[in-house]
Every structure is written in C-alpha cells, then in structure tokens.
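Protein chains: 2
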Amino acid sequence: VAKLQRVRERRRLGLALLEGPRVLEAAVAGGARVLEVYGLSDDRISESLARRGNAEWIPVVPAVLEMIAPTDHPRGPVGVLETPPSEVPEGDLLWLHVGDPGNAGTLVRAAAAFGLGVASAPNAADLWSPKTIRAGAGAHFATTIATDVRSLPEPHGTIATVVSGGIDSRRLAEVLDPDRPWAVLVGAEPAGLPEQVIRAADVQVTIRLGEAVESLNAGVAGSIVAYELAGWRTADEASASRD
Amino acid sequence: VAKLQRVRERRRLGLALLEGPRVLEAAVAGGARVLEVYGLSDDRISESLARRGNAEWIPVVPAVLEMIAPTDHPRGPVGVLETPPSEVPEGDLLWLHVGDPGNAGTLVRAAAAFGLGVASAPNAADLWSPKTIRAGAGAHFATTIATDVRSLPEPHGTIATVVSGGIDSRRLAEVLDPDRPWAVLVGAEPAGLPEQVIRAADVQVTIRLGEAVESLNAGVAGSIVAYELAGWRTADEASASRD
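As given, the protein sequences belong to chains U and V, one line each in that order.
Taking the numbering used here, the leading residue of the first sequence gets 58, the next gets one more, and so forth.
Taking the numbering used here, the leading residue of the second sequence gets 58, the next gets one more, and so forth.
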C-alpha cells in the first residue's frame, strides 16, 4: 500500500490512495470501487464507511498508518481505490497540461462543479496522486476523468487559454458552436501551453487583467473559463427551451 | 532571519521573508523596501538584484541558506522585507477570512490581477507568510494590502460569498451601487464565513454550480467574484465614457 505513493506503482496496479474521511466518504457516495480501508482500530467512523463501501476494513496501529499514508501525521483512514477506467468525457471538459498536483486537483473540483469532465495530457500531474485527490476534495468521484490523453477525437473543439492575444473570456459565446463539445486546454505555470498546442487549437481565449500582474494561477484561470463555459451552456439551454 | 518563519516574530519586527529570484525581482520592481539579500556567493543574479533594490548583499554558504530559507532545498536567494504599513485600499477589495496560506496567496494574486486591493481578517492566514508570498507570485508588490482588519469603515459596501441562497454572481451588476467601493468577503473552507458575518453583509453572492459538487476551492470562488467585479467596473466605465 505504501508503494502507491509512487505514480509508477499506481499505474502498474491501477490503484490509488484515498486519505481522510472526507475523500473516502465522497468515493463511497460516488460509487467508486474502494477495495480496502486501513484505520486505527478504535476509528468506528472509518469502519462504518468501509462497510458502506463494501471495502475490507483493516484495523492497524498508528505506526502502520503513518507508513502507508501520503501525509506525515495521518489521523486515518487510508483507502485503496481501484481507479476507474480512463474515459474521455463526451461533453465539455478541461484538458489539463498543468504539472502542479494541487492546481490539477483544484481544476478537477471546478470542472465537476461546473458540469465539465476532465482529461490530463501525458506530461501533466497524475490525476490520481494523493495530492491531486486531496485538492479535488471528492470531485474525482463526481465527474468523468481521462488520463494520458495525447489528442482529442472529433467532435471536440479546443479552446487554448493564453495570457494575451486571445478572445476575451467574457465573449466566448460569440465564437463557440453550441453543437460541439468544447475542451479547455489549461497550461502549466509559468510557461503556459506549448506554442504548437496553442496554434493547433480552434479558439484562443484570454482573461483580461489589469496591468499590475501578468497572469493568474493556472487553477484560477482554468476555473474562470470553465465558469464562462457553464454559464454559456445554461443560457443557451434556457433560450432553446424558450424557442 | 530564520526566526522570521514564525508569524509572531514577523509581526513584532515588521519584517518578512522573500524566497527565490521571482518574488525578489517582483519586490524590487514594485519598489518594496528590501533590507538584506542572502545568497550563495557565486549567485551573481541575486547579487545584482540586491544592488538594484538597494539591499545589503550577504553571501553565505549553503548550510546557512538552508537554515534561513522557508523551504527545504533552497537554491536562494532569501530576502528580508520591511513589510509595508497596513493600509485599507480605497477601491474594491477582497477581504480574506481564509486560513490556508496557499489560498490566501492565490487570492492576493487574483485581486492584484483584477485591480482590487486586499484585506485580511484577524484570524485569517498571515498575508506576509512565506507560503502566502510564494503563492502570490509577486502580486503582493502590485496592490494595496491591509492586515488584521476587524471592520471596514464607510464607504465600503460588503459582499459575502455564500455556497447557496445569494444573488447569482453573474447578476452582481444589478444590485451594486457603482459609487461605492465594494469588499468581497471570502470564507475559509469547509465552514465558509461565520453566520453573523454573512448576515451583516450588504449583499450575499453565490456562484451557481451543478449538483455534483457542493463548493469550489476558496481561492477559485473569491477569484471568480473578483473577475465579475472587475468586468462590471470596466463595463460601467465604458458606458460612462460613452455618455
């Protein structure tokens, strides 16, 4: 179980670690396949969570919990998750090229909140790392996730987030075809998306800023574009239902 | 210098730590008072940064850098900043009640990017902690910051961000008086703002989400409201200049 802190082992085994009651609760509630739950023997809450999720409950001493948990001072529980098969979402999605696991998790959370799916590029942060899952705060089990996505098949259109020169994020509605699903490409900091990725995208979008600061945190920038996309879809559906 | 990793010492001395060339560069460019810069003796870039900022250049051995730097494997430099006097921004601002230093720094960055100032509540994360400054990515030196703010004097109006029941963030323009500066109150996760703070605010705002996820990361939520506020001000100025 301790080995699952390494990305190679997670991928080889198709497993990931869930730490803490909040994430474990979200996984069980979302119908995820939790195989085992390790917790302190007097941790009744974790034990009942394990039973609800049809996972094996394995009571351990604090030293064992410390060895298998991704953080330094775990209060338990630690769950072992069978990661769901990678599946490209059919609708709008965030396509993450970010390397920071905290930002990646924040973006999974925002995507799920705004009704979008998530895909990660080959060199991006592992969406199933403990840090990413923690920052996702349970959202991993409330959306569709694809990993290691090199290219998106039709019919997805692509929107590249760029620091300058793109269409104003507030005017996305004017250029997007509502009949296509759209993928928002979010780049890593500070370099942003690779130049050829930006050029290959159907649309470039820029969040207008003042002059004091050059760019936003990648998690914030991607979330704002997801927010605009969700608002546009909602307005579009509302106007369609009036027709 | 190592003591400045503790909030009490920072407040007692009115000093803070700047780690890394990017933040130090932003501080010097923003005209901040950098008193000393510690770096490895062959670090010419840091030395020239120190001279540009009129700071004392203090070459040190790696073991010393490791002792005074806030992170574990510093590549230098570490600067000592005289924190600017706490000053309540005159215009729109984010009033942070968040405890997580990373989220607080992300919000300082977003506030500066959207032309807003920043204030922190008494129990919030220290805006001058190394983690907050790092997440701010230089934005601390591009906006006005007030710390330990218990109440905001007139003429500021207050907008509380709430998970449900507030006015839709996309419709803020319909309720805000453009002649007042507005302060956006951002709460800590997972509890949000205290109930009496929410009730006392002039406006409650909610970012509409789908049903899959209950809330956004506090840094993302506050940034989206800042984004809406900045867009509203720009549209308001544009329409005023047409009049």
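Hints are computed from structural coordinates only; laboratory data are not their basis.
These figures come from a predicted structure and were not determined experimentally.
Treat the hints loosely; a few may be bogus.
Reference excerpt, derived from the structure (chain V facing chain U, CB under 8 Å, subset only) [as the list claims (entries may be wrong)]:
#1 Trp114
#2 Pro116
#3 Ala203
#4 Ala269
#5 Gly276
#6 Val277
Virtual Cβ for every residue (Gly too), placed ideally from N, Cα, C.
Checked hints:
1. Taking 8 Å as the C-beta contact cut-off toward chain U, the hint placing Trp114 of chain V at the interface is violated, the least distance being around 26 Å.
2. Among the interface hints, the one on Pro116 of chain V is violated; its C-beta lies about 27 Å from the nearest C-beta in chain U, farther than the 8 Å criterion.
3. A least Cβ separation of about 17 Å between Ala203 of chain V and chain U goes past the 8 Å threshold, and the interface hint is therefore violated.
4. Interface hint at Ala269 of chain V: satisfied, since its Cβ lies 4 Å from the closest Cβ of chain U, which is below the 8 Å cut-off.
5. Against a cut-off of 8 Å between C-beta atoms, the interface hint on Gly276 of chain V holds, since the closest Cβ of chain U lies about 7 Å away.
6. The beta carbon of Val277 of chain V is positioned within 8 Å of a beta carbon in chain U (closest approach about 4 Å), and the interface hint is therefore held.
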